[in-house]
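Number of protein chains: 2
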Amino acid sequence: MPFTFDRIASTGAARAGVFTTPHGPVDTPAFMAVGTLATVKALDPLELAHMGCQMVLANAYHLHLRPGDELVRSLGGVHRFMGWNGPMLTDSGGFQVFSLESLRTVTEDGVEFRSHIDGSKHRFTPESVMQIERNLGADVIMQFDHVIPGQSDEHDAREASERSIRWLIRCRTAFETASIPDSRFPIPDQALFPIVQGGIHANLRREAARAIRAEGDWLGYGIGGLSVGEAKPDMYAMLDVVNVELPEDRPRYLMGVGFPEDLVEGVRRGIDMFDCVAPTRMGRNGTAFTTDGRINVRRAELRSDPRPLDETCDCSTCTRFSRAYLRHLFVAEEILGLRLLSLHNVHFLVALMRRARAAIADGSFDAWSRDWLARYHSRPTPVP
Amino acid sequence: MPFTFDRIASTGAARAGVFTTPHGPVDTPAFMAVGTLATVKALDPLELAHMGCQMVLANAYHLHLRPGDELVRSLGGVHRFMGWNGPMLTDSGGFQVFSLESLRTVTEDGVEFRSHIDGSKHRFTPESVMQIERNLGADVIMQFDHVIPGQSDEHDAREASERSIRWLIRCRTAFETASIPDSRFPIPDQALFPIVQGGIHANLRREAARAIRAEGDWLGYGIGGLSVGEAKPDMYAMLDVVNVELPEDRPRYLMGVGFPEDLVEGVRRGIDMFDCVAPTRMGRNGTAFTTDGRINVRRAELRSDPRPLDETCDCSTCTRFSRAYLRHLFVAEEILGLRLLSLHNVHFLVALMRRARAAIADGSFDAWSRDWLARYHSRPTPVP
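In the order they appear, the protein sequences are chains A and B. If you read the first sequence in my numbering, its first letter stands for residue 243, the second for the next number, and so on. If you read the second sequence in my numbering, its first letter stands for residue 243, the second for the next number, and so on.
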């Protein structure tokens with residue numbers, strides 16, 4: 243079996259495990275870096291490997307538009323294209339297509355939309371998206387799903403959730419029968435993950451999880467449609483609901499989440515995998531995660547601060563550069579500033595999950611996570 | 243002696259040597275990466291070290307304005323500030339100040355100018371510039387000189403050259419007597435380099451070199467005011483003139499030059515050290531040096547090109563990424579594209595000088611440089 247999931251320890255709902263893929267293992271819980279356009283923004287794959295990031299995402303919608311999934315396939319697939327030989331996952335583009343509010347038309351068959359780049363017309367169906375994700379060749383590929391805003395009422399949420407399940411069935415058929423263009427590169431082994439939808443409605447989440455499980459024994463489970471505008475307590479409540487419905491021996495991936503506190507809260511509720519653009523987006527904006535909360539390096543009081551961003555951090559930024567230098571880079575609009583903060587922020591989440599895993603393994607997770615959240619939320623003034 | 247220069251081989255005027263500084267040796271001929279604002283644009287110091295770049299520049303004008311040389315001093319100097327523990331050189335800012343055409347007033351005492359950032363008034367004199375360069379703490383510091391356009395007539399060129407020599411005397415006095423603010427960091431050992439000016443007038447260049455040598459036995463010699471608008475044959479002619487005037491046992495630094503062909507032509511004429519913003523500026527613009535001339539990675543015919551930028555290059559970009567991927571990064575405006583091309587271009591010049599050095603050492607430099615220039619200038623169509 244090219245895909246396995248072995249649990250090595252648990253504390254309450256929190257689990258530590260190893261998710262094995264054709265491109266190697268992922269120690270869970272894990273934060274996956276987001277490389278939308280086949281590049282984790284501002285970072286080099288070597289930096290990701292060096293910090294211990296084991297799995298990287300790319301996006302079917304974005305790569306289909308630019309440079310084109312067939313081109314990526316002809317060059318050997320997304321791993322080879324972007325120089326990342328570790329585990330990869332592609333999101334189906336459902337989230338992106340449904341975000342194009344004024345530019346799309348949804349039917350049972352699929353979604354017609356206009357490109358955000360040039361307005362050109364495109365059509366995504368479960369079948370076409372499977373072909374795109376087969377061409378890209380990531381280890382894990384997500385189903386094409388119907389994503390709705392976080393505050394949607396039960397009627398809309400039910401419609402989208404039930405459609406997502408019908409689309410899952412079509413995805414599986416297309417996945418199993420998709421032809422991959424002839425080429426000198428082998429056809430990749432891939433795992434199709436379903437996505438549990440249902441908005442913030444516990445009954446819908448429960449029904450969705452059960453309906454998906456009734457369709458088969460999937461190699462892993464996505465949980466989608468969260469962190470899209472709903473309140474945080476609603477998100478956490480949905481995780482509690484879904485946690486008990488999903489099989490224990492399969493990894494659970496909470497899509498598009500999140501911030502450091504969300505990761506810790508998610509792990510407490512049985513989540514194994516996370517992804518989010520926040521660390522790189524905030525890094526480019528000058529905001530850094532620290533153990534004591536966030537800081538923006540442009541702040542005037544950092545001008546002569548010789549300390550690292552986070553004195554407890556062993557990343558390649560914190561072990562070499564002062565806040566004063568990082569502030570200088572941002573004030574002078576130097577690219578190295580974006581690089582170093584993006585690197586620190588992604589490392590921060592990767593290391594946070596490594597720490598959580600160790601705490602689960604040694605039985606200290608409950609106390610550790612409580613203490614960690616208390617310190618993070620206390621946010622003292624960052625400069626004395 | 244913290245500064246030495248040992249010649250290990252020569253072929254005609256071309257020399258291979260080792261320039262030793264308090265922060266380590268520099269194998270010459272050498273290309274130095276330009277880190278104007280205490281960062282080589284888009285690159286990390288680790289990448290520079292990895293490619294074998296041994297010496298890095300910073301700029302007194304830019305760092306005085308932002309973040310301030312006193313701040314840099316209080317944080318331990320420019321090496322520590324930017325995380326580069328190898329040899330460093332600061333340019334005095336003469337070139338920058340004299341480029342501010344409408345914003346400056348020149349007198350014998352110095353130059354009054356307005357900041358290009360906020361229009362604030364500043365005054366540079368040989369004395370103030372020495373204080374700035376002492377504060378920054380680079381190994382080699384350049385004198386404050388009067389820089390003029392490349393096509394200046396003999397009258398203007400003479401005036402600027404003679405003033406530069408008077409300023410050199412003042413620089414030396416100030417350098418020897420400058421006080422460094424108290425701090426917990428030691429006072430750095432530094433070498434002051436004079437700069438030979440004289441425009442494109444052979445007699446002025448000769449006179450300047452002789453007058454500077456009459457003033458003392460300097461640890462190295464800058465050659466300035468070239469590659470500033472004059473024709474290339476004029477620049478090469480000036481190098482031939484200066485070459486025979488400078489002492490053989492001191493390194494010669496051709497300032498602000500250049501392109502790959504200029505480096506090879508310069509080495510043939512006895513130059514040991516070069517710097518230029520071209521590799522990073524062109525890299526950010528999508529243009530790459532190759533053994534067969536320059537290419538712009540945005541070109542449509544690179545869309546599916548699986549080859550590296552340069553098949554003979556062993557840099558971290560060429561050993562991992564295709565032209566197709568690099569083109570994709572530039573089309574999608576991804577920061578990694580700027581990084582990878584900047585890295586390749588700086589590596590290209592560093593490796594070119596490493597290759598020239600080996601050819602000087604084994605006696606093949608004449609034939610190698612002739613062949614190299616012929617291939618570089620032939621520029622075949624880059625894609626078959």
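These are computed hints drawn from the structure, not numbers from a lab. Don't take every hint at face value.
Chain B residues, not near chain A, derived (Cβ > 10 angstroms throughout) [unchecked claim]:
1. Thr262
2. Thr281
3. Met324
4. Arg405
5. Arg540
6. Ser558
7. Leu582
Cβ-Cβ distance ranges computed for the label pairs, FRET-style [what the hints assert, rightly or not]:
8. B:Ser546 to A:Ile429: 35 to 41 angstroms
9. B:Ile429 to A:His619: 41 to 47 angstroms
10. B:Gly294 to A:Pro428: 33 to 39 angstroms
11. A:Asn527 to B:Ser341: 31 to 37 angstroms
The beta carbon of each residue, even a glycine, is placed where N, CA and C say it ideally should be.
Hints and how they fare:
1. Thr262: With a cut-off of 10 angstroms, threonine 262 of chain B remains clear of chain A, as the shortest Cβ separation is near 25 angstroms.
2. Thr281: Non-interface label on threonine 281 of chain B violated, nearest chain A Cβ at 5 angstroms vs cutoff 10 angstroms.
3. Met324: Nearest chain A Cβ is 7 angstroms from methionine 324 of chain B, so the label is violated.
4. Arg405: 31 angstroms, holds
5. Arg540: 12 angstroms, holds
6. Ser558: Given a closest Cβ separation of 7 angstroms, the condition is violated.
7. Leu582: Violated, because the least Cβ-Cβ distance between leucine 582 of chain B and chain A comes to about 8 angstroms, which does not exceed 10 angstroms.
8. B:Ser546 to A:Ile429: 35 to 41 angstroms: 20 angstroms, violated
9. B:Ile429 to A:His619: 41 to 47 angstroms: Once the Cβ atoms are compared, 46 angstroms apart, the range 41 to 47 angstroms for histidine 619 of chain A and isoleucine 429 of chain B holds.
10. B:Gly294 to A:Pro428: 33 to 39 angstroms: Between glycine 294 of chain B and proline 428 of chain A, where Cβ atoms are some 37 angstroms apart, the hint holds.
11. A:Asn527 to B:Ser341: 31 to 37 angstroms: 32 angstroms, holds
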